[in-house]
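S.K.: Sequence:
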Amino acid sequence: MADSGVEFDKLDGNEIAIRDTVSHQQYVISTVAGTITPAACKSFPAPITEAVHLDTEIIRMAQSYGVNIRDKSGEIRERPNAKQERYAFDSGVHFIEIDAPVKTYIRVEGPFEYADNNTETRIKCEKAQLTIGARAWQCYPQETITVTESPHDLMEALSYFGDAMTTASPERAFPTLRGYPPALRVGNSLSIPSSLSKAEAGVTLTVPPELPAVLSVAPLAYYLLARVKPGEQFTLQTADGFTYTPPEDDISTAVQSLLQTCFYMDCLVRTEGLYPFNLHHRNAFDAATEREWQYEHLYEQSHQERLQSYLEADTEQLSEVMPALPLTAFVEPGSTAVEALPYLAPELGLIKPADPPRYSGDEAREKVLSAFSQNAGKSRSTSLVFDDRAKYIDVPKTESQQTLWIGAGIPLNAAAVVLDGYRNQRPITGEADSPTRLTVTVVCNEASMDKELAEVQEIIDPRDDLPFAIDAQSGVTTRELRQLIAEGTNYLHFIGHATSEGLECPDGNLDTETLQQNEVEMFFLNACQSFKQGEGLVETGSLGGVVTHGDVSNKYALEAGGLVCQLLNDGFPLGVCQEILRQTTPIGGQYTVVGNHGAILAHPKDGPPHLDYIEERGDDYRLTIETYTGGFSQYKAGSVIVHRVDPEEGYLAPSTAAFNVDRETLDDTLSAVDTPVVVDGQLQQHEAIEWS
1 MADSGVEFDK LDGNEIAIRD TVSHQQYVIS TVAGTITPAA CKSFPAPITE
51 AVHLDTEIIR MAQSYGVNIR DKSGEIRERP NAKQERYAFD SGVHFIEIDA
101 PVKTYIRVEG PFEYADNNTE TRIKCEKAQL TIGARAWQCY PQETITVTES
151 PHDLMEALSY FGDAMTTASP ERAFPTLRGY PPALRVGNSL SIPSSLSKAE
201 AGVTLTVPPE LPAVLSVAPL AYYLLARVKP GEQFTLQTAD GFTYTPPEDD
251 ISTAVQSLLQ TCFYMDCLVR TEGLYPFNLH HRNAFDAATE REWQYEHLYE
301 QSHQERLQSY LEADTEQLSE VMPALPLTAF VEPGSTAVEA LPYLAPELGL
351 IKPADPPRYS GDEAREKVLS AFSQNAGKSR STSLVFDDRA KYIDVPKTES
401 QQTLWIGAGI PLNAAAVVLD GYRNQRPITG EADSPTRLTV TVVCNEASMD
451 KELAEVQEII DPRDDLPFAI DAQSGVTTRE LRQLIAEGTN YLHFIGHATS
501 EGLECPDGNL DTETLQQNEV EMFFLNACQS FKQGEGLVET GSLGGVVTHG
551 DVSNKYALEA GGLVCQLLND GFPLGVCQEI LRQTTPIGGQ YTVVGNHGAI
601 LAHPKDGPPH LDYIEERGDD YRLTIETYTG GFSQYKAGSV IVHRVDPEEG
651 YLAPSTAAFN VDRETLDDTL SAVDTPVVVD GQLQQHEAIE WS
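Residue numbers for the sequence shown follow this note's numbering, so the first one is 1 and each next one is one higher.
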């Protein structure tokens, strides 16, 4: 079953691991002396990659996940929430849809009970064979199109992107129904595999045959299942004769408006289909607009008809109640930007061709240090940071939660995309590659910084659903460090010094660009000037990691190291870790991400990654929940989350939700999760909060 993308692995005792071997996600269920045998996938109401029969009376899960309980026809019977712990169902066929790290459906025939107390989920039924189905998430391209640097070739390639969508219905706004388009490689001639086809959706985008313009339309062509052809101006056309010319002169701005309108209208309209959520954003939009939208009618329309109706929406009103799209990528037009498109399109990332200011030497020092707080105390530096060799890119700030730079130089205010970090994502190919625990390696090569070594070991918390094996070492030589990297680890946390010559060891420097074998997946090089060495790790095999622009003080580096470990342990992707560092620590801007911004160490414990902000207001509190989009999980743009504090409304990810709560409600909400919180501007663990 490993080749299909899903594994059901019987562990010691009565536990079964359900793994997505493509995205490396997994979770564990417990049974009572259950046996598993292969089953057919056709008995489920949704696409399933692999299924098994399970002979047991009880299934337990150590965590609480979002659940829909459907009847035989697929209609939702119940959506369990925190206000009711137990549900009972009579005879018949039911499907329990679970938004776990691996999308799962459990088919139950006969009476059963479902119970969830926020810390454990239990399904109890009569002795019978349950059928469990799981769906792998396609998280990287399956085919490759070769293009030249001609805009006409790129337009032809983009016309194949939309076929990666599994549906043209509004449900395509759900991330699990958005597949990856083919990879793009720049070569000498256009070559398209015969296995690929264009979507037959009747939508065409006309765009001037200029590389910046064609780059900009890639996510829109993907989401609308559109073909792309050359023309004098940017227009959208449908096969039934409708033509729309955006009012914006700038094509990337016009694409942003169109993509936001079509995507978010789909999010509102899909509530009339298979997922009839009480959606907060739909309620807010209805309250803000004078028009009475006929959502049921829109849902029944064809793709082309719906698109025409969407463009009648008031974009200003829509943008006021909807979150910004989660990702903006500034790109330097060229082959690297072209080859990045398949990784950006499924995230609905906005693509902005740009030529931002560049700085080096003293000019760079002044620009960089003016953007961040000054270092305090002793530094981890071993040489000058700002010489004339390093080019710093002043990337504009955006409304998106994450900002990327695709081009040469070291970006400020953005993560540095290195495409190798996306290409290095590899599927699990067998039991030998399917560990039941994650490995963490901590290396401290500076005795005065050993406090961070101890703190990282304490923070990396073994989880019931995903245990960690930690190996901590000090004074590691160049040969030993090279061997550690070759043997591999899920996460390498390096503490010490770095220069352009390498990572400092007692006997010299190890330059990561010289590595012959690199099996490190993710890393944090918590040392001054570690950008170049992090780039070398990605180019030789890693997915990505956190690095520094320049000098960082020991005091704040210790704080940053602990925070990143906590966030990674809680399932935050690298790019989000970077943004939270910027927001909550004095020198967070000195850190950036290099490689794959979406790489994650572990799946989130409690739905999409989120950060809670708390303000005391008299006897009550203001709880603001900032929800982020995840990495290789189902928690990308368009997923829906239900907050424990208000289970009656669903919220889109990413989004911000604010609630006025009393102390009891706040304690109950925080005790159910294990993520850092921000109290009156200070980041801390919720169990350490000292209330006034």
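These are computed hints drawn from the structure, not numbers from a lab.
Source: prediction; values computed, not measured.
Treat the hints loosely; a few may be bogus.
Claimed, not checked - Ranges between beta-carbon positions, derived for each pair: (1) 294 - 469: 54 to 60 Å; (2) 396 - 40: 51 to 57 Å; (3) 487 - 197: 39 to 45 Å; (4) 487 - 210: 16 to 22 Å.
Glycine is no exception: its CB is placed at the ideal position from the N, C-alpha and C atoms.
S.K.: If you check each hint against the structure, which ones fail?
M.R.: 4
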